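S.K.: These are the residues of each chain, in order.
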Amino acid sequence: MIVADNLTKRYGDKTAVDGVSFTVTPGRVTGFLGPNGAGKSTTMRMIVGLDRPTAGRVTVGGQEYRHLRSPLTEVGVLLDAKAIHTGRSARNHLRAMAATHGIGRTRVDEVIELTGIGSVASKRAGGFSLGMGQRLGIAAALLGDPHTLILDEPVNGLDPEGVRWVRQFVRHLAAEGRTVLLSSHLMSEMSQTADHVIVLGRGRVLADAPLPELVRTWTTTTLLVRSPRLDELVTALEIPDATISAVEPGAAQITGITPETVGDIAAARGIPLYELSPRIGSLEDAYLALTDDSVEYKTKEIA
Amino acid sequence: MTALAAAPRRATASAAHRLSFAHLLKSEAIKILTLRSTWWSLGVTAALSVGISLLIALATSGMGGSMEPTNVILAPTQFTMLVAGILGAIVVTGEYSTGMIRSTLTAEPRRGAVLLAKAIIVALTMMATTIVIYVAAILLTAPLLSTSIDWATPGDSIVPLALGVVSMACFTLMGVGFGFLLRSGAGAIAVTVGVLFVLPIMLSLFSIAGPDWMWVVEAGKYLPVSAAGSLTRAGASDLVEPALTMAGWVLAPLLLGWIALRSRDA
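Chains as they are written, first to last, in the numbering used here: chain A, 1 to 303; chain B, 1 to 266.
Be careful, since some hints might not be right.
As the list claims (entries may be wrong) - Looking from chain B toward chain A, a few residues come up when the C-beta cut is under 10 angstroms (computed):
id, residue
1, Ser-20
2, His-23
3, Leu-33
4, Thr-104
5, Arg-183
6, Ala-266
No lab work stands behind these hints: they were computed from the structure.
In this text, all values refer to a predicted model and were calculated from it rather than measured experimentally.
Cβ atoms here follow ideal geometry from the backbone N, Cα and C, with glycine treated the same way.
Model the full structure from these sequences, guided by the hints.
M.R.: Encoded structure:
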């Protein structure tokens, strides 16, 4: 369980994290979403005590991180893949990390095998690809078999197989009752991994909700209707809230109306329907709608 | 690319695994011994030290051995102190430049303990290396020297040599302190070399100035190099003042480094 209470971080006049409060509960994967510069990494660094909050506090398992008596067995952290001395081999890095808690070689070998870095374990970490560095970082996070995992962009640089492994792995850990907080800017990945999503924008919490609820609230469901007598059907619908836009001859997108209503009206008038399919919005749509005003580095729309 | 294990395996029992200072010391020992830069620094220190001792022994052997025999062993400190200071600095700044410090501080969030463990391990490493160097230098120069070390008089033998070992550890610890204070390798090395090597030369230049400037030359006595020189002089009587001076030069950077480590974000 991670509890942030009014967490704030200022650098000079710039407020990176602005009074953020949230709870990350065990037993599910919580996703941390937000544009670049939204304060995700800063928040994660404050959780593990690397950055001191300007105001507010955050606890892991009821205690501030710096008061944990055995941090590695409580919290596994991957902040960025490059928190590793480039001159040391992967195995020696893990041995040194494990030694702080008296964790033996058996467990070091276990996490090496688990993350699939066995073939490069004796090579210096400086020569690692981003993906390999990421796996080594995950291996280090798992050393103490922690109850809580905090992973900042864990799939960054991984190949598709690695991405899928991380997804299955964190879901498995959450199913075991552990607390998992992970950030990603890959929407499709997040929508497949997270149960619950916290969206940050300009240092504030924009949304904190279960993933399906978030998508439902922030997107509109569109109906694709295909009929040989489309004009007749559209006239018959007569719904003031509905917006109708033609897609191609004989097909239209309708929002603001349920598929049941359209089907009933069509049946009552004897209008044949070739297609009546609801298109549910994606997490990406919800995210873009949410963060529209809070994107710090905005790109221009391509005309 | 190795295939990833499909299903995660439950780990071994973690109840027994606990953070402790002894564990932290072991971790720091693994860290320092698994870096090539450490072995390079220690190798350079050994080669310089033994090499210069041999040269001095060769040069003085023809002159009836006017030099104190312990001085033959200790004289190379003038050069090896720089390598010692640089080693202390890079052990710390290497963690900052690579980001390793974030891993270190998440494993042990009590930052003072991290600094202390690192300081102890780096100092012990340098002391062990220096002892090996001195033994090698004593054995290698013995056949060349007309007067051998008088082991029966501790003040002319084991005391200056032991204080030489301690001085090398002190130079290393200065580097550690400046490393934590400045975080940048270039900055920490520049300050360490500046204090150990450049400052003494600058202050000694004032000896050609008038008597009004003599206090500057006097101040030079309180530099770490002068303190080490007084500590390791054979038959030295007053060891308290140089010992305090040296302690100050070690504790001040470590204290400043500790304050920086505690208060700054990592």
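S.K.: For every hint, state whether the structure bears it out.
M.R.: Hint check results:
Hint status for B/Ser-20 relative to chain A: holds, with the closest Cβ pair at about 7 angstroms, below 10 angstroms. Taken as an interface hint, B/His-23 checks out: its beta carbon lies about 5 angstroms from the nearest beta carbon of chain A, inside 10 angstroms. Taking 10 angstroms as the C-beta cut-off, the interface hint given for B/Leu-33 holds, the closest approach to chain A being about 9 angstroms. Here the hint on B/Thr-104 is kept, as its CB sits about 8 angstroms from the closest CB of chain A, short of 10 angstroms.
With a least beta-carbon distance of about 14 angstroms to chain A, the hint placing B/Arg-183 at the interface is violated under the 10 angstroms criterion. Hint status for B/Ala-266 relative to chain A: holds, with the closest Cβ pair at about 5 angstroms, below 10 angstroms.
The structure fails to meet hint 5 from the earlier list, while all remaining hints are met.
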